[in-house]
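Undergrad: As a plain string of letters, each chain reads:
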Amino acid sequence: MDVLQLARWQFGITTVYHFLMVPLTIGLSVLVAGMQTAWVRTGHRRYHEMTKFWGKLLLVNFAMGVVTGIVQEFQFGMNWNAYSRFVGDVFGAPLAMEGLVAFFVESTFLGLWIFGWDRLPKRVHLACAWAFSLATVASAYFILAANSWMQHPVGVAFVDGKPTMRSIWAVLTNNTALAAIPHTIAGAFSVAAAFIVGVAAWHLWRKRKTDDEHRATWRTSLRLGGWVGVVAFAVLAITGDTQGKLMFEQQPMKMASAEALCHTEQPASFSIIAIGDVARQNCEDVKTFNVPALLSFLAHNDFKTQVTGVEDLVGQYQAKYGTNYPDDPALGQLAGKPIDYTPNLPVTYWGFRIMIGFGAISAGIGVLALWLTRKGRMPDSKWFPRLALLGIATPFIGNSAGWIFTEMGRQPFVVVPNPSGVDGVWMFTAQAVSNLSTGEVWTSLLALTSLYLALGVVEVFLMRRYVRGGVEGVLPPEKPKQDNDSGDALAFAY
Amino acid sequence: MSLETLWFCIIVLFWLGYLFLEGFDFGVGMLLPVLGRDDTERRVMINTIGPVWDGNEVWLIVAAGAMFAAFPDWYASLFSGAYLPLLLVLLALIGRGVAFEYRGKVDSPRWRRNWDRVIVLGSWLPPLGVGLLITTTVLGLPLDEHGNRIGSAFAAVRWDTLLGALAVVGFSLVHGAAFLALKTGGELRDRARLLAIRVLPVALVPLVVLLLIVQFREGALWTVLPLAVAVGAAVVAWRKLVADRDGQAFAALGVTIAAAVVTLFGALYPDVLPSTADPANSLTVAGAASSHYALQVITWVAAFGAPAVLVYQGWTYWVFRKRISTAQIPPVHTP
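As given, the protein sequences belong to chains W and X, one line each in that order.
The first sequence lines up with residues 1328 to 1821 when you count with the numbering used here.
The second sequence lines up with residues 31 to 365 when you count with the numbering used here.
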């Protein structure tokens, strides 16, 4: 493999891995802050137990999210230095804002929250939980604004061969970002919801015959998870539809690839599934279960309009952005070679379907959880907790597939040209990569991947342990207070 | 002052914040097996930095982010040029962050021992790498006309940059010992103080030698002043340690690192990354900077954001201001 391929694999692996932790952190942190609010306001024991239990799992996961995120920021300069030089004027600002406005708040107030139990007044401590959780959302906002600029560059002029920022407001309110942010945040809540439903269902089932004192904690958790999952999926569907329509305008090739739509159709039908290899030669033949005219509707809100296919788009792209890569030695093997404007069809086609399919399964489990616990009932079947535990994986898979689809679907561009934007503001992925030796990138790819794998095993091990440990595992047994120790011992310590 | 120069100063400030803050939490990690005689003592040590190390680390993230935003060429050339040292820093920081959080999550001596090893390794390697990186940016890399590194993958690893690596490690070691003297009680505190007194005269030598070399090679007339302050403050720190004044010693070490950073980056200015191959390829403050508008945008963000950070991080240190000793460590409770 050459440096370009290695760097792309590394970006894909580190990003997908990072994004296994991040959504759970975002979703759980806001929900835990909500649980703590309920506890401070009502004083009910179950809310206290919920805050402690889910808060502990949040911490186990948060550590991994933070440390895997560090790599993301440095990776641009390390593996993609030509990209960094090209986009720095625009891309750097939201990244710096993420650091200054979000990360500092996140890390500082998390420290205060972890160690501040009993040391800070109740309400101040609660405020720390909210500061932390809202900062995780803010950080998602800034990084998605940066990513959306690569998907749809706005607010710039083209000066001296580089995009130069003209309006930070345009960058931060990019319509691509405004659609992507609620979609991604809803995806985060659906992860947290499925996690809570799975774990709570398992605990409820385990305690089904005993009159366990913590049953209220698990039941309330389960219903909370169910509701959050259902609402999150509704938001996912609505924002996903908005995003799709935007993408048909901004990156028609990505959407045509998502459908493996080789030839322009009017009206265009939506394919539910394909049997066989989704490649450009046979993409018409392998698709089965087509819904007539649905793709036209998804693209333009109208059942009759035309949707342009891959073959026609390739012609348009060649006319606009050239047929061959520039004859620049920095491009290595690709210098002067024809440009392939078609993204990897199997990846985009299946990525799109897996994203939607697994998102829907996860919402289905949420509905089931609410149905089984309606009007004070208790789920007593054996299959429901098993299903709910398996269901934890579904939104993770959906999220990853969504990201792989959205990032691979824009190839061969790293900065996708904005059809209504400024000329020249786009960049091929092949032009973005650093001039490194393959040895260097292999080293980092292998080192990071194996470290990630090892730490992933540890995280899953710890998660299992704490999940099994239940409420007792996170709340130390109450000891009778003596007069002379007057709260001198730390309430929490590593 | 031009916006470019202002941002050069702000980035220097972020690096300074990083070296000052994470410097002591690195030091605490480095000393874990030296000063922590049993598990409770090691827990005391870790808990002195428990609430703050994560916030300290963000200074690195923000320093890099600010370089990306204000000087994309600097960020791109330095980070790709010093690829392997930076990778080592990242790997170590990943392990370290997880280790702090996971160490106490299972009640088993073997589990804790293994994570302690990760903490120790993760506290020695990053200051080495960061020291190498900072020295590299001051002393330069062989760069071509695009700002790309010409030499081998190890172009950043030279005797003078290795001296920089030792300088930051040495400083972190002393700074961590002084911090422990300030934040712990009982026997642990005495041992930390004694260690700081013994180690300081040796551990700060690489830093002073580095400053002299940089001053001799690239320094301006005015950078002699911060250099003198750095050395003077180190002497004061030692005397305050001997006089049993932990807080003042710790502050004096802060002055040392601040003056050292000013000397280094003062000598670097107006370059941000000199080219050792051809001076014409050097990256300069003016040449590597973002557009005026982009700089204005981040100036507004920094003008409101940075003071707020100082306030709430300062508050954190206030909330957790008490000394910690073995008596305060709660019993282990894990599932």
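If you're looking for bench data, these hints aren't it; they were derived computationally from the structure.
Possibly wrong hints are sitting among the right ones.
In silico DSSO-like pairs for lysine-lysine, Cα to Cα no more than 30 Å straight-line [claimed, not checked]: (1) X:Lys-352 x W:Lys-1449; (2) W:Lys-1647 x W:Lys-1664; (3) W:Lys-1709 x W:Lys-1534; (4) X:Lys-352 x W:Lys-1379; (5) W:Lys-1572 x W:Lys-1534.
Undergrad: Holds or violated: Lys-352 (chain X) with Lys-1449 (chain W), Cα cutoff 30 Å?
TA: holds (20 Å)
Undergrad: Is the hinted pair Lys-352 (chain X) and Lys-1379 (chain W) satisfied, with a Cα-Cα distance of at most 30 Å?
TA: OK: Lys-352 (chain X) and Lys-1379 (chain W) at ~25 Å, within 30 Å.
Undergrad: Given the proposed pairing of Lys-1572 (chain W) with Lys-1534 (chain W), does the C-alpha separation stay at or below 30 Å?
TA: violated (47 Å)
Undergrad: Would you mind confirming whether the straight-line C-alpha gap from Lys-1647 (chain W) to Lys-1664 (chain W) stays at or under 30 Å?
TA: With Cα atoms ~17 Å apart, Lys-1647 (chain W) and Lys-1664 (chain W) stay inside 30 Å; holds.
Undergrad: Between Lys-1709 (chain W) and Lys-1534 (chain W), is the straight-line Cα distance small enough, at 30 Å or below?
TA: Holds. Lys-1709 (chain W) to Lys-1534 (chain W) sits at ~12 Å (cutoff 30 Å).
When each numbered hint is compared with the structure, a violation occurs for hint 5 only.
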